[in-house]
Each structure stands twice: as C-alpha cells, then as structure tokens.
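Model the placement of chain B on the given structure of chain A, informed by the hints.
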Amino acid sequence: MKKFLSIFMALTLILGLVACGNSSATTSADTTTSTDGAGSVYYLNFKPEADSAWQKLASDYTAETGVKVTVVTAASGNYETTLMSEMSKSSAPTLFQVNGPVGIANWKDVCYDLKGTDVYKELTSDSFALLDGNKVNAIAYVIESYGIIVNKTLLAKAGYQVTDIKSFEDLKRIAEDITARKSELGFAAFTSAGLDGSSDWRFKTHLANLPIYFEYETDGIEQTPAIKGTYLDNYRNIWNLYINNSTADPKLLSSKTGDDSRNEFLAGEAVFFQNGSWEYNNLINGGYTDDDLAMIPIYIGVGNEANQGLCTGTENFWCVNGNAKQEDIDATLKFMLWCVTSEKGTTAMANDMGFVIPFKKAASSPNLFVKQDTSYTASGKKPVKWCFTTMPSEEWKNGVGQGLTAYAADQNDENWQKVVSAFVDGWKTEYDLTH
Amino acid sequence: MERALKKYWPIFLLPTVIAFMIGFLIPFIEGLYLSFCQFTTVNNAKFIGISNYIKAFTTDSQFATSFWFTFRFAICSVISINVLAFIIALWLTKKFKGNNFLRAVFFMPNLIGGIVLGYIWQILINCVLSIVGKPLLALNSVAGFWGLIILMCWQQIGYMMIIYIAGLNSVPDSLIEASKIDGATDLQTLFKIKIPMVMPTITICMFLTLTNSFKLFDQNLALTGGDPNHTTEMLALNIYNTYYARAGMQWKGMGQAKAVVFFLIVILISFAQLKLSRDNEVQQ
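Chains A and B, in that order, are what the protein sequence lines are. Be aware that the first sequence starts at 1, since it is given in the working numbering, and climbs by one per residue. Be aware that the second sequence starts at 1, since it is given in the working numbering, and climbs by one per residue.
Just so you know, the hints here were simulated from the structure itself, not pulled from any lab data. Even for Gly, the Cβ is constructed at its ideal location relative to N, Cα and C. Be aware that a few hints might be false.
What the hints assert, rightly or not - Listed next, with one range per pair, are the computed distances between beta-carbon atoms: (1) B/Ile267 - A/Lys428: 35 to 41 Å; (2) B/Arg72 - A/Gln411: 50 to 56 Å; (3) B/Tyr8 - A/Ala75: 44 to 50 Å; (4) B/Ser61 - A/Thr81: 21 to 27 Å; (5) B/Lys215 - A/Asn78: 21 to 27 Å; (6) B/Asp279 - A/Pro48: 35 to 41 Å.
This is chain A alone, in the form it adopts within the complex:
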C-alpha cells in the first residue's frame, strides 16, 4: 500500500512538472513570435465614453496588420491611479495620455521624444504638442468644445430663440424670465449644477476656465505662478445664475451628479445644460435630433461678447512610453499613424468617437457641436482657450469646488470670500508646492 502511494505521489509530481514545463514552453514560444513580429501595442485609454470604439478599432488594426493591440480603459476619475500602477508592471502601457502641461510633470521622464516621427509630422500645428525645449513629449489627438447646450424647442416655448442670446445680460434676462414663469412653463432654465465630487469638474474646472482665460488675455500671459482673480465677480454672477435658476434647490446641489443633470436635460426639464461636444452621442441616443440642439458660448460679461466663441481646446495628449522595448515603441508609433491617417482610423475617430482630430488627414465629424464650433470660428468669433490645463493641481480644483458647494448652500459674501481665497491664495500655495 505504502509503495503504491509513493509511486502515485511520484507520478503526480512528474505530471505536474511536465504540465509546468509545457506551459512555460508555450509562453516562451509566444514571446518569440511577438519579438519576431512587429512588437505589440498597449494603449491605456482615458475616455470611458470612447472605450467600445477603441476596442473595435484595435481589433480592426490587428485583423489588418497582425499586430496585437490591447486597449484598456481606466475608470472615470481614476486614470492617474491606474496609469501609475500599470507603469510599474513589466508589461507597461506603450501608449498613454496626460491632460496637459501640468499633467506631463509626472511623466516627462518616461516620454519618448516624438520629434521626427511620422505621426508628429501629421499634426496640423505645434500648438497641439507639449514641448520641453526641443523634445516633443506629447501630442494632442482630439480637440473638443464646450459651452451651454440649449434645448431649442423648449427655448421657443418660452418665447425666445438662440439668436436672442448674445451676451451675459441676455442670458440672465432670459433665464430669470423662465424662472419667473417656471410653474406655468413646466421647466427650469438650467439643469441642476451637480456638485458631487464626481461631477463638479464642470464648474471648478470648465466654468472656472473663463475668468482665468480673460485674466490671461488682459495681462497677455499664457500661465502664471499667482492668479489675481480679476474677473471673479463675473464668475460669481454666472454661478448665481446657474444655481438660482435651476431645477434643484441650491442647498441640495452637493449631492447631485452630472448624470442627474444630463437626465434632467434629456427629460426636458431644463433649457440650458453646460457641457461639451463629448455629450453629443448621449443626447442623440437620448432621443434628440440636431434640430433640437445648439451650443452657445458661456458669456460671463467680460470682453467683447459679440465676438466670443465656444471654449475649444484639448486636455487629451498622447505620450509614448520611452521605457518600452524598441519594437513595441515602433509598433505603437505605427498604430498611432494608422489611426490618424488611414481611412478606417480617421472615420472611426470622427464617427464612432465623434472626435475632431488635429491631424492633416482628419475626416469631418458629424458631431453638431463640433460643426457649430467650426462655423462660429468661420464667422469671425474667437474661441476661448482651455486655460484650465494650467491650473496648478487637482487639489486647487477641489478647493474651489468645495468653496462653490458651500456658497451654493448659503449664498453670502463671507462664503464667496472663501471661493476667492481658494482661487487666488490656493493657486499660489499649490503652485509653490508643485514647483
């Protein structure tokens, strides 16, 4: 019996060894084929709304060229976290993205110099690249616009047209008129300004861009170690307008989310909805047509409002991981080039993802808001730049967001002073901490 048992154990052991040997043999065979081939691509995608489109594009590319492309999408708001842990792995992403001049600080040492690559040569302008001296760290791959999305049908019911809104004064007059007749009309002026931590970027980042942009314009600068807050009173005015003319009680805004806001807009509960061109597919899938919608600039009562366009820019920059194997880097560069030049790549980016891409061979996008941005610019209006990429840190944004939330719940001068201090003093503190 004992003998039988030991033979049995020995056999199991040998079998186990053989099994292990087998599996390790296959893995090594796998790596040889991929090194023999053209390397592989691992893209860590930032935009959850474009995930399925990227997956499809990646499998199309693999079918066409045989090069393996893995696309992984980080959960909303967790990109930096995911990137940080993925980059520590032996199979790190070969293609990842940063959100602009501030975001690149973490990663500039790993960025592969894109100067001289074919994909960089396709870029329409150097203003879409993040340069460090002569080195090209990152290139933008999508340009987006945001503003106030208008439900034209509801606006007409209230007795106005999009062309009636040409300045902050107009917007204020119309919004307050709609609020006054809210019960009679059955809808509000603005969707609830959701201030939940997952959604307050619409205000602490995108809306806060306007006072920063106008201050930069006035002072003729591109970025600053200390903001002055010249136009914060205008920021307060537009914020008052948003929160006091909306579907929700301002006290409850801290628990509202961006999804609540979109759902209110889809349900026809409000006329105005501050958001960007990336919302287009959601709104069309929610049952609207191009005839129902329009996007207007966010007027805050500063500068030449007749000439103000949508806020247009990018916070999506591609970086190639310079620590990756050379064949993987080459494969990644080829994949990027294919995405922005081939027929399949450009149409997928324009149609499925709804992007306008800053590359020479870009296909035109069916996205209404993008088309509107083009026509605004063509008619001589000046787009507002995305200056929020120069905000010193996430912490700064959170400070402003907290201030806005507290102010919304209790609108007095003292609370606004806290917003101002988070905006101005917080900027300096955070800038000094990161520089």
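Leaving out everything else, chain B in the frame of chain A:
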C-alpha cells in the same frame, strides 16, 4: 510520528512562510525602502534619505489634522461599539424564544462591504439632513463625524456581540449560582462575576475595534470622502490621497513615509491597549 515532525517541520511550514513573505514581508520591506525615496513608479526610485518624513509633518499640515480626527473617532467608536455590543450580548444570552434569530439579525450588517454601506448611509443621512434643513454631508463635518460613528456601530456591533456572547457563555454556571445563593443582585453578579470573567474577551474586542477604527478606509471614502475640505479625512484616506490624488514626484514618497508612520502609530497604540487590558484579566 513525532520524530518525523521534528525532522520535517520546515517543509510543512514552507507554504505559509512563502505566502507570508510574498503577501506581507517583501511588500513591507519594499514600502519601508520607498519611504526614503523619490519616485513616480515603484521600480524607478531614487534614494533621498529622510526628507520625506520631514515633509510629511511640515509641508502637509493635513496629516496632523487627520491624526486628531482619527483619534477622536477611535475613542468614540471603541466606547460606543463595545458598550452597545456588550449590552446586546447580555440581553441575547438570556433564555427566550427567538434569540438565535436575533443574533443572526444583529450579525447581518457585518456581511455587507464597507463601500456599499458607506453609500447607503450617505443617502440615508443626506435625506435626514435635508428634511431637517441642515447642510448635507459634503458641507457638514459634524454630521460627517457622527455619521461615521453610526455607520461603524451599525456594522461592528453584531460582530463584537458574537464574541461577547461566546465569552459570557463560558462563565461557569456554578459561580453565578453561588453568587445568587450568597444573595447578590443582578448588577452585583454582572460587575463582580461576569465582567471580570470575560475580561479576556473584552481585551480582544477592544483590540479589534481600536485597530479597525484606526485603519478605517472604505467607509470613510464612501460616506464623506474627506469632505468638506479634508476635515473628515482619516489617516488611511489621507495617505491614499497623498499618494494618488497628487500629481508630482515629491508626493509619492511622502505618502509612503506617512504610511510607515501610520503603521508605527497603530502598532504602538494597540500594544499599549493590549498591555493595559491584560493587566486586568483574572485567572479562572
């Protein structure tokens, strides 16, 4: 048999030792090393000495604030959880119909994950706050503090109750009977017989609740997220935020240094507490 054990014990121990090394010892040592480094990704670290520790206490005042918040929270929750759990255990060790069912009911909340509980209680508490017209959780650090206490009580009382029930059941009937014959009242039996006899159980429960309170993370993240303005941010969440929410090399090492300090604090406090309550235990 015994001789074989003596000879082969290292082989039997090997799987556990390997698991312990991979899962605990190696990451711990690497973490300790990283707290002296500047880095973005952990495999590319540069040694810079103790400046991370200095910065953790100087540039970032939040760490100290978080420590006091955690400290206050730990005291309140340890007391309330243990007192309530003990009272319920006393009640449920009485003989009446349905007490097994009630034990299961009280234990149930412990089976739900912290993140889920955090969000459920966030909705509940916000609802109550909006009815009474007070600022919601995101703006209300007092509500945040008590919300966390309520949440932790709700989750932990059942678990501690089970341990207390086991302890109370092991008190010999003969002792209680003898005290009754001597004419002791119920209160006297409780304080002179039962509590001294369950002292080891109290030690365990205090230890568990104290370390749990200090290490609390997911409930904190889900219920308040540290709002408003980091005032309800506990140590673990503060470390997480330092490490992940901040962009820039200098923060990673600082987060790591904070984690080491945090580890030392938890070890120190738990040992002090263990020592204190061990001294009060009696031999049966």
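Hint-by-hint comparison with the structure:
At roughly 39 Å, the beta carbons of B/Ile267 and A/Lys428 sit within the given window of 35 to 41 Å. Checked against the hint of 50 to 56 Å, the pair B/Arg72 and A/Gln411 fails, with Cβ atoms roughly 31 Å apart. As the Cβ distance of B/Tyr8 to A/Ala75 is approximately 48 Å, the hint placing it in 44 to 50 Å holds. Against the hinted window of 21 to 27 Å, the Cβ-Cβ separation of B/Ser61 and A/Thr81 comes to about 24 Å, which satisfies the hint.
The hinted window of 21 to 27 Å between B/Lys215 and A/Asn78 holds, with their beta carbons roughly 22 Å apart. At roughly 56 Å, the beta-carbon separation of B/Asp279 and A/Pro48 lies outside the given 35 to 41 Å, and the hint is violated.
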